[in-house]
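Here the protein sequences line up with chains V and P, keeping their order.
Positions 6 to 336 (my numbering) are the ones given, in order, by the first sequence.
Positions 6 to 336 (my numbering) are the ones given, in order, by the second sequence.
What the hints contain is simulated information worked out from the structure, not anything from laboratory work.
A couple of the hints might just be wrong.
One copy or any two copies: either way a pair holds, since identical chains are not told apart in the list.
Here are the computed lysine-lysine pairs in the DSS-like style, where the Cα-Cα straight-line distance is at most 27 Å [to be verified]:
1) K205 / K235
2) K36 / K326
3) K7 / K233
4) K235 / K36
5) K205 / K7
6) K326 / K72
7) K97 / K35
8) K233 / K36
9) K256 / K7
There are 2 protein chains.
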Amino acid sequence: MKKFINDPTHFVSEMMEGLILANPDTLRWKKDSNIIYRADAPRHDKVSVIQGSGSGHEPAHIMAVGKGMLDAAVPGNVFAAPPMDYIVECFKLMNTPKGILHLVNNYQGDRMGWDMAREMAEAEGIRTELVVIDDDVSVENSTYTVGRRGVAGNFFVIKAVGAAAEQGEDLDELVRIGKKVNGVVRSMGMALTGCTPPAKGEPIFTLADDEIEMGVGIHGEPGRRRDKIKPADQLVEEMFEAVAGDLPFSKGDRIGLMINGLGGTPISELYLLYRKAALLCRDRDLTVVQNYVGEYCTALEMAGYSITLIRLDDELETLMKAPAEIPIRTF
Amino acid sequence: MKKFINDPTHFVSEMMEGLILANPDTLRWKKDSNIIYRADAPRHDKVSVIQGSGSGHEPAHIMAVGKGMLDAAVPGNVFAAPPMDYIVECFKLMNTPKGILHLVNNYQGDRMGWDMAREMAEAEGIRTELVVIDDDVSVENSTYTVGRRGVAGNFFVIKAVGAAAEQGEDLDELVRIGKKVNGVVRSMGMALTGCTPPAKGEPIFTLADDEIEMGVGIHGEPGRRRDKIKPADQLVEEMFEAVAGDLPFSKGDRIGLMINGLGGTPISELYLLYRKAALLCRDRDLTVVQNYVGEYCTALEMAGYSITLIRLDDELETLMKAPAEIPIRTF
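All chains should be modelled from the sequences, with the hints used to inform the complete structure.
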């Protein structure tokens with residue numbers, strides 16, 4: 006295993022400490038329960054928006070904590086749901102009179118943690134609601150999932166409900182918006198390589214030198230098939246068809262288009278992939294009003310990418326363009 | 006070679022096309038001479054700031070074209086200096102009454118291209134000046150370099166002269182600022198893996214499963230030595246000593262601290278590295294007033310990182326904090 010780590014069991018906490026040291030004014034860290042939260046949270050004039058999920062997908066979700074985004078993130082270990090008591094602790098810490106919206110990607114562990122934590126929170130008079138994200142069109146059920154998996158589409162849910170929460174919308178309205186976004190966002194990913202969780206010490210899967218995993222999950226779950234590598238444009242074409250054909254997206258739609266790197270793919274290649282996706286949108290008369298090229302939801306150092314499309318209307322376009330702050334400096 | 010590419014000879018142009026498709030309002034592309042430039046450039050009330058260098062280091066430099074940053078970038082092929090006639094073309098395109106500042110990292114090919122291009126530009130009455138960046142403390146001379154190499158410190162030069170140019174400073178003043186920044190910025194990098202230029206089709210160097218290249222260059226040039234991999238904190242310690250000890254940085258200094266990924270290293274590991282670097286700054290009583298964690302100057306998909314320190318005074322801190330825009334959307 007060739008990584009920048011010290012003791013593998015400290016991987017998550019040392020990453021979190023780095024994030025806190027880099028953002029001393031805006032972020033806080035409750036170390037004993039893995040919670041990163043906004044320095045100004047909880048704010049009693051708004052719903053707190055939080056996410057619980059495994060680590061290893063950074064910037065999701067600890068680096069999406071900020072104004073107009075998440076109020077707090079409570080990650081588990083790498084590729085592991087956060088323990089139920091951490092989620093309860095996060096509920097207590099972020100409790101406001103307007104309640105808490107909890108976002109989870111559709112994995113059984115994350116959902117189970119939420120179910121148990123909600124019960125305990127309700128016993129303490131904390132009101133919480135849930136929005137589940139399941140945007141991955143690759144496969145129906147999967148290794149850790151009943152139904153579809155939640156992947157990079159999560160970003161759009163965070164952005165929309167984060168913006169609406171900032172504007173003072175109430176919990177029911179945020180649930181409506183979150184579900185609406187999840188209803189119009191679709192993704193698919195593929196891998197050129199596996200990745201190695203630090204505590205495991207070996208790759209979760211391996212691919213031959215000319216092999217890809219089409220439809221891979223962000224924890225290395227199998228996709229639709231193994232295949233030989235092909236020219237980038239052909240890969241984009243297949244994935245674009247799968248994603249755009251699922252909703253389906255139709256001629257004249259206004260969309261957001263995301264090319265998301267899975268951790269080990271350089272931004273040069275991501276723009277090369279974006280080129281083909283943007284040209285396909287043009288061919289299909291889909292108007293890209295917002296685009297995203299970079300890393301949003303990764304699988305450690307996996308080389309690969311995913312494509313996400315979201316259909317926008319006036320309400321969602323406004324929310325996507327609302328001001329937001331994240332803890333990652335670009336310049 | 007496992008990459009998202011089509012025809013390897015189209016790698017750079019397809020990446021550039023992707024960048025243009027993602028930024029139709031703010032960027033322009035002169036395809037026949039590989040020039041990406043601001044849609045509002047040249048502006049006759051300011052010096053044009055441009056950079057010529059090889060591709061494969063993205064976001065440097067085509068993704069650093071924007072307000073308060075570069076007016077134009079004219080890259081060559083992967084790891085190859087831009088042809089002299091492309092640079093001349095860029096001078097002509099970006100010419101303003103206030104002149105042109107050209108930035109190059111210290112590689113012989115880039116400097117030679119500049120020398121020849123300047124002569125031709127001067128014959129046409131175009132005034133240009135040069136700032137050379139050579140921030141890499143790893144080795145003295147190197148494969149393509151007499152003197153030290155220029156690496157991620159380049160970002161700070163772009164940021165400072167870009168901000169000053171936006172404020173209307175003249176060419177001589179920008180040269181002074183650029184040289185001042187280069188005088189107080191120091192970097193060092195290391196690799197866990199090599200990387201594969203698309204047209205070459207095989208790695209430029211390989212490392213064993215437990216091996217690192219300490220002091221690697223951004224084109225895979227040899228560093229100080231090959232070594233066994235060590236815990237991240239030990240690697241940071243050695244590199245921090247080399248960088249901080251070079252200027253040297255002293256107790257009480259205000260600094261900017263950058264942890265730069267080389268392309269294949271996930272942001273989780275970069276924050277883990279940042280943690281140790283920030284703690285070392287604290288130990289040495291260096292006050293980090295600006296921090297940068299992410300990818301600024303890469304070597305294709307190389308796994309590795311570099312550390313950069315810059316000593317700030319009031320002038321440079323103000324320039325670092327000036328508004329700027331780059332074409333990479335984060336959210």
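Okay, the hints, checked on the actual structure:
1. Taking the shortest Cα distances, K205 and K235 sit within 27 Å of each other only across copies (18 Å), while inside one copy they are farther apart (31 Å).
2. Taking the closest pair of Cα atoms, K36 and K326 never come within 27 Å of each other, the shortest separation being 33 Å inside a single copy and 31 Å across copies.
3. With identical chains, the CA atoms of K7 and K233 are at most 27 Å apart both within one copy (26 Å) and between copies (10 Å).
4. When the C-alpha separation of K235 and K36 is checked against a cutoff of 27 Å, the pair qualifies only between copies, where the shortest distance is 26 Å, while the shortest distance within a copy is 45 Å.
5. Both within a single protomer and between protomers do K205 and K7 lie at most 27 Å apart by alpha-carbon distance, with minima of 12 Å and 25 Å respectively.
6. For the homomeric pair K326 and K72, the shortest alpha-carbon distances inside one copy (13 Å) and between copies (20 Å) are both at most 27 Å.
7. Proximity of K97 to K35 under the C-alpha cut-off of 27 Å is restricted to the intra-copy arrangement: shortest distance 12 Å within a copy versus 56 Å between copies.
8. In this homomeric assembly, K233 and K36 never come within 27 Å of each other (Cα to Cα): the closest approach is 44 Å inside a single copy and 32 Å across copies.
9. Within a single copy, K256 and K7 get their C-alpha atoms no closer than 46 Å, and across copies no closer than 34 Å, so neither meets the 27 Å cut-off.
Of the numbered hints listed earlier, those contradicted by the structure are 2, 8, 9.
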